[in-house]
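**Student:** Got chain A sorted already, so can you dock chain B onto it with the hints?
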Amino acid sequence: MNLERIRNFSIVAHIDHGKSTLADRILEVTQTLSQREMREQVLDSMELERERGITIKAQAVRVGWDGHQLNLIDTPGHVDFTYEVSRALQACEGALLVVDAAQGIQAQTLANAYLALENSLEIVPVVNKIDLPQADPDAVAAEVADLIGEDPARVLRISAKTGEGIESVLDAIVERIPAPAGDPAAPGRALVFDSSYDQYRGVVAFVRAVDGTFRPRARVRAMAQGTTFEAEELGFFSPVRTPAGKLDAGEVGYVITGLKDVSRLRVGDTLTGDARPAAEPLPGYKDVKPTVFAGLYPTDSDDYPELRDALEKLKLNDASLFYEPETSQALGFGFRCGFLGLLHMEIVRERLEREFDLDLLVTAPNVAYRVRTKAGEELEVHNPADFPREVEEVREPVIRATTIVPRDYVGAVMELNNERRGHFRHMEYLSEERVMLAYDLPLGEIVYDYYDQLKSRTKGYASFDYDVVGFRPGDVVRVDVLLAGEPVDALSIIVAREGAYARGKALVERLRQEIPRQMFDVPVQAAIGARVIARETIKARRKDVLSKCYGGDITRKRKLIERQKKGKKRMKQVGTVEVPQEAFLAVLDLDGSRR
Amino acid sequence: MSGPVRHLYVHLPFCGHRCGYCDFVTVTGRADQHGAYVDALVRELELERSHLAARLETVFLGGGTPTLTEPAALARLLGALPTADEVTVEANPETIVPKVARVLRDAGVTRVSLGAQSFRPHLLDVLERHARPDAVRRAYYLLRGAGFDNISLDLLYGIPGQSDADLASDLDDALALAPDHLSCYELEAKPGTRFTHAHGAELGRQGEAMEGYFAAVVEALVGAGYRWYETSNFCRPGREARHNLAYWLGRDYLGLGIGAVSTVAGRRWRTTPRLSAYLRALAAGHRPDRDVEVLDRDTRLRERLMLGLRLDEPLPLADLDGALDPDALTRLERLGLLVRDGGGLALTERGRFLGGAVTAELMA
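Here the protein sequences come in this chain order: A and B.
Quick note: the first sequence uses my numbering, first residue 478, plus one each step.
Quick note: the second sequence uses my numbering, first residue 535, plus one each step.
Isolated chain A, as found in the complex (with noise of 0.2 angstroms):
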């Protein structure tokens, strides 16, 4: 295909502002599907991408319009897969910015505008959903263009959901996006934006070839990994997979590797033929590492297998999910995962319940902290429980986080921000209504009860978007939890020293409510090394005997002991306490607000 004639773009939006609805409309209006074939949202494959409205997995799709090839990139819609989104973003020329005509620019149009502008993407402003009886596209137009730079009239104004203006947006995308930049003649170079695997054929990589020619049955090199495969069938999508002969320079689709193995080809790298590689790799590969951890175990310890086979068929999917097995004291075997971040981690959470049927306890999520001990070594921690007790320096994560508020609430996000460590960085109306505040945050701080308090505290009208920005110094601290004088690994917790005693009163005072009384008084502690902080008692039970049981009544009495016997199953040991599931999740909620 002549590179005059193809385009390719990426659709970009905050969730929920349409960006599924308009590719339907898409392909719909191209005629790629027939309305018969067509079923709503196609691209959010996975049953709960559709429920969440959320795209977790990119795929690309061919259409034609007017004589043109052009390939929608489908972008992941969450702040966790920024990279993912980079590398899509990479292979294309030209963004749809959607904004939904009701709500105005929110934290991820931003987000995502910016990250469009990095790759120097022509952006498409696209007002949605102008039906809406409480849509003013006049106003959010004027803030796109504002904040892209645009004249407010080239902002095209549609509805997915009708269809109107879709025509509009095919036509923009051929004239306004230029045409792929590539040398057809070069080595050749594609860049891999996305794979999933495919239980038959292996990982399947989503590629942008940018120079020369792909052919199938050729061998292929990744760059970055050093992975070489044979090609066993390239093509692209329509949106089923469709094999083609070839995939020349500017053209999007998909290579069947036959590799086994999605680790072994990650997005971002460049495949180039083997026989005739390029000299240098397309830029921008990185190495994506997990920033949020948690133990995952599963509340009954047979399904310990179930649980590692669910963890393996998912991480086929999922290269940016990391997993090691990880025993607890008071929770037996399970895993200690890494994900990109808290979406990430629900995500997989909730896959892991839904798709294969797990009952799951997760532990209080935290981040990777790199410490330096006393001994000068140094150390990537991703368990409290692994915190050493004598430490020299610890570096945490820290985000940058963009919130937008009306700006009735601006004063609320700022008093959270600084009650969580966050440092102010710039603030900025974006209307006379709307602010946008910029803090670096202490990724910590987020993974504990922030969403939950910035929802409450702005009536739910805060948008929320953050990018980690690097590792700095942090005065944290490891607090344990000690029942009847027994650490409990799985409780611990590290915390900003100077909110320590708090978080620790908190704790404890939570745990005594959460863990029935035992058959012998219960010390509940919280400790930072040697020194207790806080500390509660669990009042022993002094009866707890049945005080009637004759002939005639043996069975019910015998069914209600049967039955006592089964609530204590539930229980995890720990020591000699028996405490319930829920217990562990006291720490992720103590103001009770998940109650």
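Hints may be right or wrong, so weigh each one.
[What the hints assert, rightly or not] DEER-style ranges, computed between Cβ atoms:
{"id": "1", "chain 1": "A", "residue 1": "Asp-929", "chain 2": "B", "residue 2": "Thr-562", "range": "54 to 64 angstroms"}
{"id": "2", "chain 1": "A", "residue 1": "Asp-998", "chain 2": "B", "residue 2": "Arg-808", "range": "41 to 51 angstroms"}
{"id": "3", "chain 1": "B", "residue 1": "Ala-732", "chain 2": "A", "residue 2": "Asp-863", "range": "52 to 62 angstroms"}
Rather than coming from a laboratory, the hints here were simulated on the basis of the structure.
Positions of the beta carbon are idealized from the N, C-alpha and C atoms, including for glycine.
**Tutor:** Chain B in isolation, oriented as in the chain A frame:
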């Protein structure tokens, strides 16, 4: 022809009034049916007699209010029942008049269990008991006068509105009578009773106070020289309720009458609680309907454990093969809740207060 069962329970459901807290099978009114019911019991006895041993250890007439049964019918029933070493009849104080005391004595009854419940008028009102405290004393002395040397009193604690002082006074008043045996029960809010409807919330509130009540009962009665031989039962030496002991030792028993339960050779059944169906079936010479439960070995072992741990005598470990969780055994021993002594398993005093939880923990 004779069988292995040496313990017989006979249910007499008639009551003058159904107390709000009661969930037993009872029948109020129907005075005209006492004779027919006794006839039915006698027929049922004949149908089931093959289960019974030639010589019984115990017979227990429970209710209801057995002593409300019309005296001639009661005398006929007692005459028809097999003799036994211990024959107990449950009685409400207000039903013990000289004639009834004599009928019981003459018919070979050896033991009377008197439902006193409380000696505080305001608490008796809450319980809807008609007998006044003085009626309890009068009944007690009447029975003594008739020659009964084995009398038990029932007391309830945890009655809504009961104070610590009320309980102490009830215990004093009961001990002043010097009964041979005392059963002291926590008042349970049983689902579906009128009482639970009226007082359930109050009972919930006093849950914690109840812990102290139980301890106060044990302390007072043990202090007065009674043996705390079962969770809720206290006796003078040699005056255990032998019939009830049979339940706690896991022995087989036969029950006659509506709602009565039998356990024989790994099968447990409960006769229909419906009076008319019961009378009709036996008038026609059939066995009345029953619900049957088969008790497998594991279930029997769990029951053996649950019941045996209610007693102060050690439970032979050999009887519990496979029913115990060995880790729990060690843990509970370390917590000072039970002791293993020779071949037996016994709860410590603290363990007996927590017997239900200990049993649940011990079950394999």
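**Student:** All the hints need checking, so say for each whether the structure fits it.
**Tutor:** Structure-based check of all given hints:
In this structure the hint that Asp-929 (chain A) and Thr-562 (chain B) lie 54 to 64 angstroms apart at CB holds, the actual value being about 58 angstroms. Taking the beta carbon of each, Asp-998 (chain A) and Arg-808 (chain B) are about 50 angstroms apart, inside 41 to 51 angstroms as hinted. Between Ala-732 (chain B) and Asp-863 (chain A) the beta carbons are some 57 angstroms apart, a value that agrees with the proposed interval 52 to 62 angstroms.
Of the numbered hints given earlier, the model fails none.
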